[in-house]
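All chains, full assembly: derive it from the sequences and hints.
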Amino acid sequence: MSLDWKRWTALLAMGALAACSGAEDNGESPSDGEDDEAAELVRFDLDPYPSTYSPQAGETTIITGATIFDGAGNEIENGDVLIENGRIAAVGQGLEAPEGAVIVNAAGRFITPGVIDIHSHLGDYPSPQVDAHSDGNELTQPNTAEVWAEHSVWPQDPGFARALAGGVTTLHVLPGSGNLFGGRGITLRNVAARTVQDMKFPDAPYTLKMACGENPSRVYGSRGSSPATDMGNMAGYRASWIRAADYRDSWNDHWDDPENNPAPTRDLELDTLMGVLEGEILIQMHCYRADQMAQVIDMSEEFGYQVTTFHHAVEAYKIPDLLAEADICAAVWADWGGFKMEAYDTVRENLALTHSNGACAMIHSDDALGIQRLNQEVAKALSDGRRMGLEISDAEAVSWFTSNPARALGIADETGSIEAGKRADIVIWSAHPFSTYAQADHVYIDGALMYDRANDVQPVSDFDLGQIGEGDD
Amino acid sequence: MKTIIALLAAGTALTSAAAAQDLAILNGRVITNTDQGQISSGGVLIRDGVIVSVGANIDVPDGVDTIDANGGWITPGIFAPFTQLGLIEVALEDTANDASASESEFSVALDVADSFNPNGTYIATSRIEGVTRFAVVPSTGSTVFAGLGALGDSSGDMDSLFDTQSFVFADLSQSGAGSAGGSRSAAWAYLEAAFGDARAYPGRYASGQGDALSRYDAASLVDVVRGRMPLILEVDRAADIRRAIRFAEENAPVQLVIFGAAEAWMVAGELAEAGIPVLMDPMRNLPSSFDALGSTLEAAARLDAAGVRVAYTTQTADGYFNARLLPQHAGNAVTNGVSWETAFRAITLTPAEIYGVGDQYGALAAGYMADVVVWDGDPLEVMSAPTHVIIDGEETEMSSRQTRLRDRYADMDDTTPFGYRR
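Sequence order for the protein chains is A and B. Just so we're aligned: 32 in numbering that gives the first Met the number 0 is position 33 of the first sequence, and the numbers increase by one with no gaps anywhere. Just so we're aligned: 165 in numbering that gives the first Met the number 0 is position 166 of the second sequence, and the numbers increase by one with no gaps anywhere.
No lab work stands behind these hints: they were computed from the structure. Careful: at least some of the hints might be erroneous.
[Said to hold, decoys possible] No farther apart than 25 Å at their CA atoms in a straight line, the calculated lysine to aspartate or glutamate pairs in the DMTMM-like style are these:
id : chain 1 : residue 1 : chain 2 : residue 2
1  : A       : Lys339    : A       : Glu213
2  : A       : Lys339    : A       : Asp197
3  : A       : Lys339    : B       : Asp93
4  : A       : Lys339    : B       : Glu88
5  : A       : Lys339    : B       : Asp61
6  : A       : Lys339    : B       : Asp113
7  : A       : Lys339    : B       : Asp34
8  : A       : Lys339    : B       : Glu92
9  : A       : Lys339    : B       : Glu102
[Said to hold, decoys possible] Here are the in silico distance ranges between beta carbons for each label pair:
id : chain 1 : residue 1 : chain 2 : residue 2 : range
10 : A       : Gln128    : B       : Leu91     : 11 to 21 Å
11 : A       : Asp461    : B       : Leu91     : 48 to 58 Å
12 : A       : Glu300    : B       : Asp64     : 55 to 65 Å
13 : B       : Met157    : A       : Leu321    : 40 to 50 Å
14 : A       : Ser133    : B       : Ser398    : 34 to 44 Å
15 : B       : Gln20     : A       : Glu300    : 57 to 67 Å
16 : B       : Arg403    : A       : Leu321    : 56 to 66 Å
17 : A       : Gly357    : B       : Ser398    : 18 to 28 Å
[Said to hold, decoys possible] Residues from chain A that face chain B, not an exhaustive set, calculated with beta carbons under 10 Å:
id : residue
18 : Tyr52
19 : Pro54
20 : Trp153
21 : Leu389
The C-beta atom is built at its ideal place from N, Cα and C for all residues, glycine as well.
As C-alpha cells, this is what we get:
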C-alpha cells in the first residue's frame, strides 16, 4: 500500500492551520451550502490533545570528572558533559567551562543518560490502589484501540516522583493487557505537572498496545465470549486488521478522489489501526511465548505492518534470530516469572542472551516499584549473562535502560544517549549504577536539575502533600 | 516447634548422614554473624553436617574435602522468613497453587505441611541464589486466618520441612478487614472471639459451638493462645499496629510477630518495648493503599534505630518465584541507612531467631548446622551470586530448570534440534 498516511498527515496539518485561524477544523469540513457537496474534502486533527510540555529553565552547566556511560555503547573515564539551552552541547574529556557556567564536580561518580522505562502504568494504575483509580484497562470488549492511555493518566500519582528518584526521565504509559487491542500508549516526560498534556513528550509517536496469550482469552473466555483461546486471539486480531485495511482504503479513495468517494464515517478504533498500517503508530505488544511471537510476526507480514517491541517477551531468548530478522525489540524483566503459565519459562539470562544473539533487547518495569531501580535490574541481567560466558560491556548494558527503549519509542533522535544536540536528560549516580548501593544524586531533564537528593530538590505530588509520607523517598 | 528437637537429634543422622562428609571451605571473607564478626580471610570446617570451627586459620584434617572460596565471601545461608515456596508452581493456575483455600470449611487448621512440595522448581531456583532455609506461609482465604506455617530447607529432599505447625498466620490489615466483614472492627472482633474459643477449648465445644471458630480450627489455635506457637499478624497502618501491641499485652503470653508493617516505624518505640519483631520489605516505599501512606525506604533504618528486631521479606516482589531476591532487598536497606551487618542478619540470623531456631541456623559458629554459601562477591550486591551452596553440610547442585532452559537455548548456531539438547 502506498504511503497515503503522509498525505493524510499533510491534510491534517492543513486542518490544524484551519483550527488556528479559528475557522473550520476537527473534521468539520467547510460547507458553503452549494451543490458540490461531493467535492468536500474531509480532514480531521491527528493531534487533538497536543503536548504543552515546556522544559524548566536550566542553566549552562558543566559536569566534570565523572565516568560517563553515554548510552550509545561508550564509556568515558574522567569525562565532562556540557549542557547549554537544555541540550547536550559537548561530551568528552577536558571540556572548557563557558564563563558563568554552573560547575558540578562529579569526580568519583557516574553519569548515564536519563533512565527510560518503555513499560509503565504510572498514572493509569496509580498509588494508592483504589477502585476509583483503576483506570488502566478498558475491559469491555477485546478491541479497544479507540481508547488512549493518556486520558486515564492521573498526574498526581505519587509514583512519578519515586521514579524520578530512581533516575527516570522518560516513561511510556500503556493500557493493560486484557484486550487484544488495548489502546494507545503515551510517552511522557517524568515531570511534576497539573495536566498530562504538560507531560507529553513533544512529537513522540503514538503507540498501540496489543496483547497475546492468556490475558485476553481469560478475560473474555470467562465471560463466554470471544476470544476464549489462543486461536480466538489470532482470529480477533486478523478480523480487526481486515476492517482497518478497508477503512484505510476508504479514506485513501476519498482523498484521491473526493468527488466520487465520500468520506467514511469516522471511527476512533480504526483511526488507530490505520495509523499502524501507515507506519505512524508503533506496535508495543505484550507477548510472552516464543511460538506466539512467531505467529504475530507472520500476522504483521500478512497485513503489512511492523511490530516495534514485544513486551515481557519471557521467551525472547528462544527466538533471537526471528526477532533480529523481523527487526523487533524485546523489552523484558530481569527475573520475574511463575505467576502464570506463559511466564513459566523465565530465565535470568533472557535479556543478555537475546542481546548477545543479535536482537534488540532492553529492560522494562511494568511496576511502580521496579521502575525505581531499573539500573539494578539491568545489573542483574548483565551479571547473569556474564556468568554464563557472554561478553557484554557495562557501557553496552547501559543501553538497555537508555538508548534501546528510546529507539523502540521512536524518540532516539531526542534522548537516550549523551550526544551533542540531544536533550540533556542526565543522571549523576553516587556510585557505579550497577551497584545496589548506587543512588541517583542528580537528575536533569532537558538540562534542568529536577532532582537533587542532597539538597531536597524533590517533587511532592498533591496526594502526598500533608500526608504521613510527605517528603519520604 | 514440635519437631525441631527430634529432628536435630535424628535428622542429621537420617537425612544427610549417608552423604555428609567432612568439608572445609577455605580462602574467603567469612561473615559469621557472631562476636567473631567478619574474618577478612578464613574458612569453615564442617563435620557431620555441623560446623566445628570458624576462623582465619582453621586446622583441616588430612583427607577432608575442601572448597576454595577463591577470595569470595563465605556466609550463612539466606533464611527467607515469609514465602510460599513449595506451595505455588504457577500462581494463576488453581491446580498448581496451594497457597490459599478460600472455599475450605477450615481456616486455622489448614496446615501448609500437607501442601508443601519439595520438588517445586522454585526450591532449586531459590537455592542456587543462596536461600537455604525458609518459612512456608499460607495465604488467607475467606477468613482472617490463613492457617499453620512450617519451616523448610531448600535441599529438595522429601523431608525438607524441618519444623511443622510452626506458627499461625492471620491478616488484620485492610484486606483482612474486608474478609472479616468490611471493617477493622470486624476483624479484631473476630480475632478476639477466636482467641476466646481456643482458650475455652475443648470445654466450650462439648455443649455447643465456638463464637468464631469450628472445633477443629479452635484446636489448632490452642498453642498460639498459650504462647507456644507464634502468631504472625499482617498489619500496616500505625494505628492497627498499636492495636496489635495492645492485643499482645491483653493476651499474654501470646508471641506476636508483625508482617507488612508499612507504618511500623511510626510506633517503633512501642514495638521495641513490647519485644515484638517485624517482618518487612525494605524496598516498599509507595503509598500503595490508605493503610500504607507512611511507606518509606527509610523504614528499615528507623525500626533498627529504635531497637526493633527486623527480618526482611520480598513482599513487594513475591514469596515463591523471587524470594531469591532477598539479598537485593537487604542491599537496598543498606543503601537507605541500615548497616551492612544488620541488613545481612535481617536475611539470615534474625529470621532464624524470630522462628526460635537462631541457635541452629543463621550463623557460622561451632555447633550451628552447616548451611553455608560461598559468593563471588558481596552478597548484597546485585551483581554477586553464589558459587557453592551447602545445606546441612552437603554441597548442593547449582542447577535448576531455569539454568537447563538457558543452556538449551544458549547456542543458536548448534545444529542439534532444540528438543534433543539436554
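*In this structure, is the beta-carbon distance linking Gln20(B) and Glu300(A) contained in 57 to 67 Å?*
Distance hint for Gln20(B), Glu300(A) holds at roughly 60 Å.
*Does the structure keep Lys339(A) and Glu102(B) at a Cα separation of 25 Å or less?*
Distance ~21 Å between Lys339(A) and Glu102(B) Cα, so the pair holds.
*Has the hinted range 55 to 65 Å been met by the Cβ atoms of Glu300(A) and Asp64(B)?*
Cβ of Glu300(A) to Cβ of Asp64(B): about 58 Å, so the range 55 to 65 Å holds.
*Report holds or violated for the interface hint on Pro54(A), using the least CB-CB distance to chain B and a cut-off of 10 Å.*
27 Å, violated
*Are the Cα positions of Lys339(A) and Asp197(A) separated by 25 Å at most?*
Distance ~37 Å between Lys339(A) and Asp197(A) Cα, so the pair is violated.
*asked:* Tell me if the straight-line CA distance from Lys339(A) to Glu92(B) falls inside 25 Å.
replied: 7 Å, holds
*chain B contact restraint for Tyr52(A) - C-beta distance below 10 Å*: 25 Å, violated
*Okay, Arg403(B) versus Leu321(A) on CB: inside 56 to 66 Å?*
22 Å, violated
*Please work out if Lys339(A) and Asp113(B) have their alpha carbons no farther apart than 25 Å.*
Roughly 23 Å separates the two Cα atoms, so the pair holds.
*Hint says 48 to 58 Å; check whether the CB-CB distance for Asp461(A) and Leu91(B) agrees.*
The hint (48 to 58 Å, Cβ to Cβ) is violated, given that Asp461(A) and Leu91(B) are roughly 35 Å apart.
*With 11 to 21 Å as the target window, see if Gln128(A) and Leu91(B) comply at their CB atoms.*
19 Å, holds
*Are Lys339(A) and Glu213(A) close enough, with their CA atoms no more than 25 Å apart?*
8 Å, holds
The earlier numbered hints that this structure contradicts are 2, 5, 7, 11, 16, 18, 19 and 20.
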